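Chains as they are written, first to last, in numbering that gives the first Met the number 0: chain A, 0 to 312; chain B, 0 to 386; chain C, 0 to 380.
Read the hints as simulated data drawn from the structure, not as lab findings. These numbers come from a predicted model, not from an experiment. Keep in mind that the hints are not guaranteed to be accurate.
When the alpha-carbon atoms are kept at most 27 Å apart in a straight line, the in silico BS3-like pairs for lysine-lysine are as follows [as the list claims (entries may be wrong)]:
hint, chain 1, residue 1, chain 2, residue 2
1, A, K135, C, K290
2, C, K10, C, K49
3, B, K380, A, K134
4, C, K92, B, K44
5, C, K119, B, K165
6, A, K134, C, K10
7, C, K119, B, K44
8, C, K162, A, K130
9, C, K113, B, K47
10, A, K135, C, K10
11, C, K101, B, K326
12, B, K73, C, K89
13, C, K152, B, K107
14, B, K170, C, K119
15, C, K49, C, K92
16, B, K73, C, K119
17, C, K101, B, K44
18, C, K162, B, K161
19, C, K158, B, K165
20, C, K119, B, K33
21, B, K47, C, K290
22, A, K66, C, K376
23, C, K74, B, K11
24, C, K152, B, K161
25, C, K102, C, K92
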Amino acid sequence: MSDNIISISNLVKRYGDNVAVDHFNLEVKNGEILGLLGPNGSGKTTTINCLLSLLKYDRGDIQIFGKPMAPDAYDIKSQIGVVMQNVAVIDTLNVYENVDFFCGLYIKDKNLRKKYVEEALEFTGLTDYKKYKPKKLSGGLLRRLNIACGIAHKPKLILFDEPTVAVDPQSRNAILEGIKKMNRDGATIVYTSHYMEEVEELCTRVVIMDHGKNVASGTSSELKSSLINRETIRIGLPNKSPEIIADLKEINHVYKVLEDGNDVVIKCDGGEHNLVHVLSYLSDNNIPFGHVTTELPTLNDVFLEITGKELRD
Amino acid sequence: MSVFKAVFKSIKSTFGNLILYFAIFTFFGNLSAKTIATTNETMFKESKVSVAIINNDESALSNGLVDYLKETQKVVNPRTDSLEDINENTRFGIYNYAVIIPEDFSEKLSNGDAENALEYISAGASTSEYLLTQKIDDYLKDVVIYLECGYSEQEAIDLTNKQMIKLEETKALVQSSTEEDHFSFFSGMYTFNAYSLMMILCTCISSALLFMKNPDVKNRISVSGMSFQKRNTAIITSVLLLGIILTLLCIVAVHILGFNYSSDKSIYYIINTFALMLIGIGMAYLITSITSSENIIAMLSNMLTLSMCFLCGVFVSTDLMSASVLKAAQFLPLYWYVSAVHYINDTPLGQIWGTTFATKISIEILFALIFFALGMIISRKKEQYAV
Amino acid sequence: MFVRIFLYKIKELTRMRSIVGWNFLFPLVLATAFYVGFGNLIKEDPDTFKTIDVGYVNTNSQDSPFSELLEELSKETDEHIQVLNVQSFKDEKSASKAMDDKKISGFYLENGDKINTVIKENGLASTTLNQIVRAYENAKFQLEEITTNHPEKIEQAIKLQSKDLNLMKEHSFGNNTSRYLQYFFALIAMSSLFSSWISTSMLNGICANISEGGKRFECAPANKLVAVAAGTLAGMLIQSVSNAIVVIYIQYVLNINIGIPLGETILITTIGSGIGIAAGTLIGSLLPNPKYHVVVPLLFSMTCSFFSGLMWDQIKQLIQYKCPIINKINPAALITDSLFIRATYGRTDTYIQNIIIMLSMIVGCLFISSICLRRRKYVSL
């Protein structure tokens with residue numbers, strides 16, 4: 000039996016002339032946290048909606064838990080939890096009632112449901128806000144409520160569709176920690192976002208989407224190691240000259256030197272101690288320099304290299 | 000200029016409602032105004048009662064009666080055989096009277112056993128019922144007496160008809176009456192306008208004010224380079240202009256629908272309507288200060304406007320209301336608007352402009368100011384207590 | 000599942016301020032306004048005969064048969080009708096002044112054999128005054144005719160003329176419902192149709208193409224049609240309670256006798272609520288955009304209510320006269336008509352027909368809605 004919880008092959012979804020999802024393939028293994036990364040309009044939410052059988056698609060095959068997904072596949076749906084991009088709660092019900100209502104769509108047993116609801120509220124830090132209506136909650140708490148409604152029934156597969164949009168950093172950290180815990184407890188997670196920092200921190204494997212296509216997939220390290228650029232050093236050099244630039248280019252593993260105002264940006268392809276070599280050159284030649292920063296490559300760099308644009312364009 | 004334009008664009012969502020109330024105004028207002036309008040006449044004109052006839056006899060005697068009614072009254076098609084439906088038609092004034100001639104009508108008359116020979120249906124003991132019952136009774140009585148006195152059926156019918164024709168010459172004399180003794184079409188339309196214009200104003204002005212109250216819009220404008228004074232001037236100007244446009248639309252509609260009727264008093268009706276416009280704007284401001292929910296605004300607008308219309312003589316004539324209700328209605332702005340319409344109707348042209356008219360208009364404007372002031376107080380208090 | 004959703008929908012809907020306002024408060028306020036405005040008209044029918052104030056100037060030196068006739072008409076009849084209230088004036092000028100001052104509608108001027116009727120304006124009152132003179136002259140003409148051609152019958156003719164022959168009889172329907180009660184029935188009909196936005200609100204949390212909550216619902220292993228049925232029933236219950244409150248308020252607080260047993264009134268209004276709910280479900284399923292979910296039901300309710308007589312009681316009957324089919328497809332007119340017929344005539348064929356049409360409308364709307372709502376996959380969200 001396949002270890003894949005989700006298997007999407009050759010998915011195509013068109014909105015008129017616009018191809019939102021273009022022969023997209025995806026496999027999600029049991030127990031992993033898969034990050035679906037891509038800029039706005041890349042087709043992430045459309046893919047999720049097709050996966051959940053909410054959207055009609057033009058072509059493709061979608062299987063969850065080894066079975067074809069359909070709107071009336073209740074046995075599959077009962078094991079899926081969804082945290083929508085937009086807050087999906089009922090405004091006139093309070094926090095407890097919201098979680099109870101949605102949990103009740105999955106769990107018929109009253110006592111078990113009650114236990115799960117209390118646990119979900121505790122998990123998301125909403126126990127003190129049971130009687131509050133959604134209107135009275137802050138943005139962060141509302142997002143937590145959104146999560147609680149999606150995971151209260153302890154699903155095996157959880158889909159998070161950009162759950163931290165417009166959320167304060169404290170709440171965001173709490174959400175990410177919570178997701179990690181759910182994964183440790185056995186849930187497989189698909190996490191879509193355009194925040195690469197979250198995906199890098201959270202996900203065991205990353206799929207990058209652009210224009211509806213799967214443009215790259217692998218672990219963070221695998222994706223970054225595919226880059227030419229392994230380290231970027233930025234130095235403030237007020238007195239730079241063409242000779243200095245040329246000399247810097249000669250340093251081992253430096254493959255590109257760019258000028259950016261008063262700064263010089265040095266890109267290195269691999270190697271260790273690149274910073275030491277550059278600083279040694281400058282001090283040996285009595286070249287004054289200002290601030291120094293060094294950056295390791297990010298997924299944004301991966302995306303930029305593959306597509307020629309930024310993740311947050 | 001951008002605030003100004005934005006206010007106008009914000010009412011796009013209310014177009015459906017606007018069209019609905021405008022359609023109601025032009026259709027219902029027109030229909031009801033035409034129904035109640037009376038005109039100045041100097042010659043005696045006999046009031047004809049609209050009567051439906053069901054003739055189950057079809058004899059010479061019954062046809063004689065039918066012919067008499069056709070000549071003297073307004074005979075209409077009953078369009079139903081159901082007595083219940085006929086009753087409803089008379090009760091709701093579709094026609095005033097229905098005559099049901101039974102099968103044995105002529106037999107009864109000929110045999111001299113004429114008691115209850117004819118049945119009729121009418122809406123209660125009204126003047127029209129009395130009048131027509133008397134006329135038919137007089138006609139039948141004539142025929143019966145002639146038959147009893149030895150005349151043949153045909154002779155009886157002919158003589159009775161001859162008499163009725165001769166009696167047509169007996170006419171009342173109409174002493175000169177003025178236009179002020181009648182209720183004009185324009186008075187009817189402008190009375191109905193109280194409902195439709197109020198609803199149109201409440202809906203559209205509330206929508207525009209809500210838009211400006213939206214916190215994001217408000218904040219965005221307040222951090223822009225636009226001064227407080229300039230901003231508020233733009234809002235006030237745009238709301239007033241919106242009100243004026245909507246009011247003018249209604250006024251133009253009245254005069255298009257009433258092109259068959261003349262009115263030298265239009266200017267006074269128009270002044271009164273603009274006073275109503277201020278009331279509508281004031282009320283819209285008050286309602287939007289109470290709530291920001293579009294649903295609740297719509298509900299409050301409908302509730303207040305409809306209730307006022309029923310209490311102030313817009314849908315049901317003030318003649319039919321009790322004195323205590325009318326006294327209490329004086330605390331409602333629409334009472335003064337309707338009162339002004341009636342005043343314009345009942346007063347000769349040269350005498351309208353005076354203290355009475357000015358008082359009524361001033362009271363309407365005062366109500367508008369009160370609504371506005373109340374709205375400001377409520378908004379302030381809400382801000383103070385962060386409600 | 001059905002019961003859970005039913006109970007939660009009741010909770011959800013009854014906490015919506017707009018629903019409480021529109022569906023519970025608004026009808027009560029309007030009923031009160033109707034009662035204050037014209038409640039008295041229902042108890043005292045304004046279409047009663049109004050005694051005509053008339054003046055009488057007799058330039059002859061003695062009383063005439065006409066003055067005796069006027070005296071007769073000034074007395075109250077067995078039906079408690081006093082036709083005339085006669086005021087005598089010494090001359091035409093004073094009578095004319097009284098007419099200008101609106102103290103009398105007109106006056107009779109008897110000069111020798113001639114009787115002139117002078118009026119201010121045309122109308123029923125003036126026609127009645129004129130008719131009295133005509134009837135008087137008619138009797139004279141008739142006697143002249145019989146004297147000429149059948150003189151042997153003159154005594155009989157005189158006897159018959161002075162006798163009330165009771166030639167006409169008014170058809171009685173037993174229970175006469177005031178036409179002003181129509182306004183209250185139209186109000187109840189309007190209130191019933193307001194339930195249409197209860198169902199559009201209800202659909203909000205069930206359909207993925209309407210709201211995020213609906214999306215979440217459709218991801219769950221829950222049967223959509225069961226949920227819609229539960230929500231529909233919850234809406235109907237809420238509206239039925241609202242209508243029952245309005246009916247009880249009108250009947251027992253405002254003391255206006257509707258003329259129908261309470262149970263049956265509530266049954267008719269419950270069916271009316273069903274139409275509103277079904278219509279709202281249809282609107283919600285055909286127009287998924289939430290911005291139409293209040294405006295369209297409001298337009299629908301108010302338009303139907305206007306044509307059922309909410310603002311102008313005559314309109315429904317006018318439509319019935321000119322184009323009755325419109326009343327048969329207007330749900331507000333059906334509700335109003337059913338109430339009015341039941342109050343006035345009892346359970347007639349038309350009443351049963353109306354009930355059947357209303358039930359068919361409910362079934363039809365729900366059937367079409369279920370076809371639209373069966374869809375679980377959307378082209379776009």
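Results of checking the hints against the structure:
1. K135(A) / K290(C): Satisfied, since the Cα-Cα distance of roughly 24 Å is no more than 27 Å.
2. K10(C) / K49(C): violated (55 Å)
3. K380(B) / K134(A): Roughly 21 Å separates the two Cα atoms, so the pair holds.
4. K92(C) / K44(B): The hint holds at about 24 Å.
5. K119(C) / K165(B): holds (24 Å)
6. K134(A) / K10(C): holds (17 Å)
7. K119(C) / K44(B): Satisfied, since the Cα-Cα distance of roughly 12 Å is no more than 27 Å.
8. K162(C) / K130(A): At roughly 85 Å apart (the allowed maximum being 27 Å), K130(A) and K162(C) break the hint.
9. K113(C) / K47(B): Given pair K113(C), K47(B) holds - Cα atoms ~25 Å apart, limit 27 Å.
10. K135(A) / K10(C): Between K135(A) and K10(C) the Cα gap is close to 18 Å, so the pair holds against 27 Å.
11. K101(C) / K326(B): holds (23 Å)
12. K73(B) / K89(C): The given pair, whose Cα atoms are some 38 Å apart, is violated under the 27 Å limit.
13. K152(C) / K107(B): Holds, at about 20 Å.
14. K170(B) / K119(C): holds (13 Å)
15. K49(C) / K92(C): holds (26 Å)
16. K73(B) / K119(C): This hinted pair holds, its Cα atoms lying about 23 Å apart.
17. K101(C) / K44(B): holds (20 Å)
18. K162(C) / K161(B): Satisfied, since the Cα-Cα distance of roughly 23 Å is no more than 27 Å.
19. K158(C) / K165(B): Status holds; Cα separation ~24 Å.
20. K119(C) / K33(B): holds (22 Å)
21. K47(B) / K290(C): violated (52 Å)
22. K66(A) / K376(C): Roughly 18 Å separates the two Cα atoms, so the pair holds.
23. K74(C) / K11(B): violated (65 Å)
24. K152(C) / K161(B): Given that 27 Å is the threshold and the Cα spacing comes to 20 Å, the pair holds.
25. K102(C) / K92(C): Holds, because 14 Å separates the two Cα atoms, which is no more than 27 Å.
Hints 2, 8, 12, 21, 23, counting from the list given before, are not met by this structure.
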